[in-house]
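Make a model of the complete structure from these sequences and hints.
The listed protein sequences correspond, in order, to chains Y, C and R.
Using numbering that gives the first Met the number 0, you'd call the opening residue of the first sequence number 0 and step up by one each time.
Using numbering that gives the first Met the number 0, you'd call the opening residue of the second sequence number 0 and step up by one each time.
Using numbering that gives the first Met the number 0, you'd call the opening residue of the third sequence number 0 and step up by one each time.
Don't take every hint at face value.
As the list claims (entries may be wrong) - Derived pair list, reagent style DSS-like, types lysine-lysine, alpha-carbon separation capped at 27 Å: (1) Y:K237 with C:K4; (2) R:K147 with R:K338; (3) R:K80 with C:K56; (4) R:K294 with C:K56; (5) Y:K308 with C:K56; (6) R:K378 with R:K294; (7) Y:K311 with C:K105; (8) R:K343 with R:K68; (9) Y:K120 with C:K56; (10) R:K226 with R:K147; (11) R:K391 with C:K42; (12) C:K4 with Y:K28; (13) C:K4 with Y:K123; (14) R:K132 with R:K299.
To be verified - Partial chain Y-side listing against chain R, Cβ under 10 Å, derived: (15) A216; (16) A217; (17) V219.
Calculated from the structure, these hints are not laboratory results.
By construction, the Cβ of each residue, glycine as well, lies at the ideal position given by its N, Cα and C atoms.
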Amino acid sequence: MSTTSTKESKSVAPTTRQRRRANLSDRAKSERRLGWYLAGPAFIVMLAVTLYPILQAFWDSLFSLRLTAPDDTTFIWFANYITVLSDPIWWRDLGVTLIITVVTVIIELILGFALALVMDKAIKSLRGLLRTAILVPYGIITVVSAYAWFYAFDINSGYINHWFDWIPGISPDLNWFAEFWPSLSVIMASEIWKTTPFISLLLLAGLAQVPSELTEAAQVDGATWWERMRKVIVPNMKAAIMVAVLFRTLDAFRIFDNVFIMTNGAHGTEVLSLLAYRTSISRLEIGLGSAISVLLFVCVLIICFVAIKLFKVDLAGTQGDK
Amino acid sequence: MTSGKQKITWAVIAVLVLLYALFPVASILSTSFKSPSDLTSGKFLPSSGAGTLDNYKQILVGDAQGLFLSALRNSIGIALIATFIAVVLATLCAYAIARLDFPGKKVVLTTALAVSIFPVISIVTPLFNLWRNIGLYDTWPGLIIPYLSLTLPISIWTLAAFFRQIPWELEQAAQVDGATTWQAFRKAIVPLAAPGVFTTAIIAFFIAWNDFVYGISLTSTETARTVPAALAFFTGASQFEAPTGAISAAAIIVTIPVVLLVLLFQRQIVSGLTQGAVKG
Amino acid sequence: MPKTSAATNRAGGKRRRLRSLAWIAALAVGTMLLPGCAPSDGVPTLTWYINPDDGGQADLAAVCTTDAKGAYKIETSLLPKDAAAQREQLARRLAAGDSSLDIMSIDPPFIPELAEPGFLAPVPADVAKRASKNVLDGAKAGATWNEKLVTVPFWANTQILWYRKSVAKAAGLDMTKPVTWDQLMKAAGDEKKFLGVQGAQAESMTVWINALIESAGGHILLNSGAKADEIKLGLTSPAGKEAATIIGNIGKENLGGPGLPTSTENDSMTLFQGDKGSFMVNYPFVWPATNAAVKAGSVKQDVLDDIGWTLYPRVDADKDTAPPLGGINLGVGSHSQNKELAYKAIECITTPKNQATYFVTNGNPPSNSTAYDDPRVGKQFPMAKTIRESLKLAAPRPQTPFYNEISTGLQQRWTPPASVDPTTTPQESQDFILAVLRGDRLL
Numbered sequence: 000m001s002t003t004s005t006k007e008s009k010s011v012a013p014t015t016r017q018r019r020r021a022n023l024s025d026r027a028k029s030e031r032r033l034g035w036y037l038a039g040p041a042f043i044v045m046l047a048v049t050l051y052p053i054l055q056a057f058w059d060s061l062f063s064l065r066l067t068a069p070d071d072t073t074f075i076w077f078a079n080y081i082t083v084l085s086d087p088i089w090w091r092d093l094g095v096t097l098i099i100t101v102v103t104v105i106i107e108l109i110l111g112f113a114l115a116l117v118m119d120k121a122i123k124s125l126r127g128l129l130r131t132a133i134l135v136p137y138g139i140i141t142v143v144s145a146y147a148w149f150y151a152f153d154i155n156s157g158y159i160n161h162w163f164d165w166i167p168g169i170s171p172d173l174n175w176f177a178e179f180w181p182s183l184s185v186i187m188a189s190e191i192w193k194t195t196p197f198i199s200l201l202l203l204a205g206l207a208q209v210p211s212e213l214t215e216a217a218q219v220d221g222a223t224w225w226e227r228m229r230k231v232i233v234p235n236m237k238a239a240i241m242v243a244v245l246f247r248t249l250d251a252f253r254i255f256d257n258v259f260i261m262t263n264g265a266h267g268t269e270v271l272s273l274l275a276y277r278t279s280i281s282r283l284e285i286g287l288g289s290a291i292s293v294l295l296f297v298c299v300l301i302i303c304f305v306a307i308k309l310f311k312v313d314l315a316g317t318q319g320d321k
Numbered sequence: 000m001t002s003g004k005q006k007i008t009w010a011v012i013a014v015l016v017l018l019y020a021l022f023p024v025a026s027i028l029s030t031s032f033k034s035p036s037d038l039t040s041g042k043f044l045p046s047s048g049a050g051t052l053d054n055y056k057q058i059l060v061g062d063a064q065g066l067f068l069s070a071l072r073n074s075i076g077i078a079l080i081a082t083f084i085a086v087v088l089a090t091l092c093a094y095a096i097a098r099l100d101f102p103g104k105k106v107v108l109t110t111a112l113a114v115s116i117f118p119v120i121s122i123v124t125p126l127f128n129l130w131r132n133i134g135l136y137d138t139w140p141g142l143i144i145p146y147l148s149l150t151l152p153i154s155i156w157t158l159a160a161f162f163r164q165i166p167w168e169l170e171q172a173a174q175v176d177g178a179t180t181w182q183a184f185r186k187a188i189v190p191l192a193a194p195g196v197f198t199t200a201i202i203a204f205f206i207a208w209n210d211f212v213y214g215i216s217l218t219s220t221e222t223a224r225t226v227p228a229a230l231a232f233f234t235g236a237s238q239f240e241a242p243t244g245a246i247s248a249a250a251i252i253v254t255i256p257v258v259l260l261v262l263l264f265q266r267q268i269v270s271g272l273t274q275g276a277v278k279g
Numbered sequence: 000m001p002k003t004s005a006a007t008n009r010a011g012g013k014r015r016r017l018r019s020l021a022w023i024a025a026l027a028v029g030t031m032l033l034p035g036c037a038p039s040d041g042v043p044t045l046t047w048y049i050n051p052d053d054g055g056q057a058d059l060a061a062v063c064t065t066d067a068k069g070a071y072k073i074e075t076s077l078l079p080k081d082a083a084a085q086r087e088q089l090a091r092r093l094a095a096g097d098s099s100l101d102i103m104s105i106d107p108p109f110i111p112e113l114a115e116p117g118f119l120a121p122v123p124a125d126v127a128k129r130a131s132k133n134v135l136d137g138a139k140a141g142a143t144w145n146e147k148l149v150t151v152p153f154w155a156n157t158q159i160l161w162y163r164k165s166v167a168k169a170a171g172l173d174m175t176k177p178v179t180w181d182q183l184m185k186a187a188g189d190e191k192k193f194l195g196v197q198g199a200q201a202e203s204m205t206v207w208i209n210a211l212i213e214s215a216g217g218h219i220l221l222n223s224g225a226k227a228d229e230i231k232l233g234l235t236s237p238a239g240k241e242a243a244t245i246i247g248n249i250g251k252e253n254l255g256g257p258g259l260p261t262s263t264e265n266d267s268m269t270l271f272q273g274d275k276g277s278f279m280v281n282y283p284f285v286w287p288a289t290n291a292a293v294k295a296g297s298v299k300q301d302v303l304d305d306i307g308w309t310l311y312p313r314v315d316a317d318k319d320t321a322p323p324l325g326g327i328n329l330g331v332g333s334h335s336q337n338k339e340l341a342y343k344a345i346e347c348i349t350t351p352k353n354q355a356t357y358f359v360t361n362g363n364p365p366s367n368s369t370a371y372d373d374p375r376v377g378k379q380f381p382m383a384k385t386i387r388e389s390l391k392l393a394a395p396r397p398q399t400p401f402y403n404e405i406s407t408g409l410q411q412r413w414t415p416p417a418s419v420d421p422t423t424t425p426q427e428s429q430d431f432i433l434a435v436l437r438g439d440r441l442l
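Right under this line is the structure:
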């Protein structure tokens with residue numbers, strides 16, 4: 000349904016445009032003006048809430064500035080950046096953030112794909128129920144998810160240990176939040192649970208765009224389910240997969256809520272966002288904290304750049320002007 | 000055409016998906032009915048049958064009432080206003096993108112994309128400083144404005160996708176029939192655009208409702224503190240006792256609107272998210 | 000257009016929903032404007048930022064508002080649960096020059112950081128004189144910075160040693176005499192029970208380390224008034240090594256139970272009330288909380304009857320113990336518009352009678368020694384004498400504007416307890432904290 004209407008509006012567009020060009024150039028001018036009148040407010044707001052703060056952060060990052068000692072502020076050029084980049088804590092937190100990002104995105108992609116297939120193929124009577132259920136984690140507050148998982152695994156208030164004590168390594172005495180890997184696993188589980196629905200909806204959209212003639216033809220040719228998946232379906236929704244992965248990667252890279260609630264960075268589970276938060280908001284070291292914020296932003300830019308150049312993810316093209 | 004075997008397979012799949020999606024919710028729901036002594040029982044369900052309502056009483060009519068109810072009011076108010084503003088601005092913007100020919104269209108879309116991937120934590124520190132200086136710290140506008148950075152980009156994208164599918168010829172047809180531009184817009188276009196706007200509003204609301212970082216960084220009293228931020232303020236009977244029950248009860252209450260919206264508008268949310276994000 | 004008709008049909012219902020959404024939004028805008036137009040009856044309102052408790056501070060605010068007979072009224076505003084987060088909120092608002100901070104409940108270790116940049120209004124000389132009368136030494140020390148009283152002591156907390164009489168008896172410990180950590184560790188090990196200590200990466204870890212080092216005769220901070228880059232630490236002293244030995248051994252020998260690395264005050268209490276409970280260092284809140292649990296049926300009466308208490312354990316058998324010191328002092332923000340009234344209100348809040356009431360209802364011990372003579376106190380808290388004695392011996396945590404850095408550094412490097420090694424941890428943590436203070440390292 001959606002594809003037909005897109006095609007139609009596409010075929011309409013050139014004729015209107017031609018007519019306009021032939022008409023008054025005044026009209027084109029006024030259309031331009033109207034365009035910016037309408038789009039302008041949103042554009043300005045977006046810039047105001049991001050571009051301004053990041054520039055301010057960059058400026059602040061050049062100072063040694065502590066909120067509880069406002070008189071000692073000094074301009075120190077890039078010394079804060081040197082401090083951050085030469086510190087093992089930055090690299091450790093970057094590592095933890097990358098581990099979380101890579102692991103969650105891979106699992107979410109697989110799980111999300113399975114859920115997308117289920118939603119796509121489900122028999123009619125189940126479709127609404129399944130979609131509704133899958134949307135629940137999507138809508139839930141991340142902090143609530145973090146508490147739910149935390150309380151379930153916590154050594155005092157949890158029941159998971161008691162349920163699964165038949166698995167070697169799990170006993171009522173297992174303290175999930177006392178060590179790096181167990182606590183990181185629960186953090187990632189919560190993150191995966193909460194965000195997989197988003198990725199699966201993006202993939203569902205991609206699935207809908209695989210021409211059904213192709214899959215049917217493959218089926219007639221006697222291709223197995225696995226072969227159809229690998230040779231027809233996945234290649235045809237590559238764009239959707241890439242966009243989903245990029246969006247989730249950037250989102251996972253910003254992870255904060257789950258870590259903050261569950262461990263607050265204890266036992267080496269600190270992530271970059273938490274480091275930035277603790278430095279500028281808790282320690283009130285505005286200069287140093289701003290440097291971390293700017294570096295975090297640079298990391299996101301790098302990921303984006305790599306994705307677009309290396310994997311040719313065409314973000315604007317997915318929706319740009321056609 | 001579904002055979003018996005297929006039905007069973009689907010039943011199994013459905014149960015698995017439901018377990019996956021709802022189990023953590025059930026888990027915290029059950030915790031919210033536990034009394035303090037029950038918390039350490041190591042069991043999923045509260046031991047005394049139906050459990051206790053004490054945790055809900057504590058946050059709705061008891062000691063934590065002031066803390067929770069004001070946070071709930073702030074959360075609802077701030078999220079709704081942020082949603083409203085975002086949707087209005089995004090509607091205008093998306094209309095222009097889908098409908099008008101003007102240079103810089105791509106710049107606007109790219110900006111929206113860039114803003115949506117922006118690390119929130121990078122914005123918090125400068126905003127915190129700025130808000131302190133101009134008196135927006137710990138106020139409603141002080142949260143609504145940064146919430147726009149979360150809600151605006153996705154609103155623009157989702158709505159632009161919706162508006163592209165609207166058959167705009169209807170408007171011209173109406174104009175030919177003698178209607179004014181405004182009438183044509185209102186009679187022909189608004190009914191078509193409304194569902195998209197509404198869906199966008201739900202998605203934007205979810206995002207504003209979910210915020211935590213701004214909530215804990217830019218507020219400090221009950222005048223603007225939102226529910227996710229307020230959860231860290233709960234305590235047991237004394238400052239050293241764990242507030243597990245109260246937090247769980249509060250968590251369940253803020254989940255109710257989400258579940259309601261999902262139940263009522265499942266179809267719209269799915270179509271909104273799938274259309275806005277990927278258009279091949 | 001096959002889509003059009005269906006879309007129009009659907010749009011009708013949507014439009015109604017849309018309208019109701021607009022109404023909700025309009026309503027929300029309305030409620031936002033409401034708090035702005037509160038009636039003013041001319042009575043100055045003092046805002047008291049309180050740490051979470053069992054409602055006692057709000058009650059005292061009401062009592063003093065009545066006592067003031069219209070001179071002022073006190074409203075309370077809540078701070079977060081966690082001590083470090085309380086400091087964060089207050090520091091942020093004070094740095095912002097906020098005039099609403101009339102009265103603040105402040106955890107003593109954070110006072111120098113707020114006093115040094117002049118965020119706190121000076122205590123008037125007459126108030127200071129009255130407010131320090133009969134105040135227990137530990138509490139007075141915590142309220143002082145640069146030899147001046149900068150806040151008014153309200154209540155003072157201290158940890159005492161709680162024990163299960165049955166376990167102490169089985170282990171052959173004479174609890175009427177001072178006991179040492181070594182004795183407790185041996186007793187818990189022999190009886191196959193767990194010690195209740197706070198091993199989580201939180202402020203409670205600094206509390207523990209400080210008490211151990213002070214008990215062993217050392218100090219974490221050697222020069223209290225020093226600038227950030229001139230600070231000297233005493234972690235590598237023999238006292239620091241003794242502290243590391245105790246914490247490390249409790250961790251490595253699993254004497255604190257599996258929950259040790261995440262254990263907070265509340266977790267220790269739960270452990271202590273259970274089958275594995277033996278000895279525990281913890282605050283007096285344990286007593287009302289356990290009584291309440293008995294009433295609710297989750298703890299048996301014979302557990303309550305089995306509980307004994309004495310002073311915080313010693314590190315060296317022949318050296319007095321130096322128990323942890325906590326509590327809350329009341330400060331006035333320097334931008335407050337009602338400083339005089341705020342100090343009047345503080346004097347009302349901190350009368351010995353009100354302190355006693357607060358102790359009895361909320362379990363937080365008075366800082367004024369005469370408050371312990373109140374008959375209600377002895378009835379509710381049979382261990383009141385022990386608490387008063389403990390407060391006399393108690394040692395404050397390092398007093399410096401850089402307390403947050405020192406404390407956070409210690410918390411990061413001395414957890415989990417099993418990883419603490421007396422030969423390396425004190426040195427490493429000391430180097431780390433000094434580097435952070437010099438601005439060379441992130442925290």
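Flag every earlier hint the structure violates by its number, smallest first. 1, 5, 9, 11, 12, 14, 15, 16, 17
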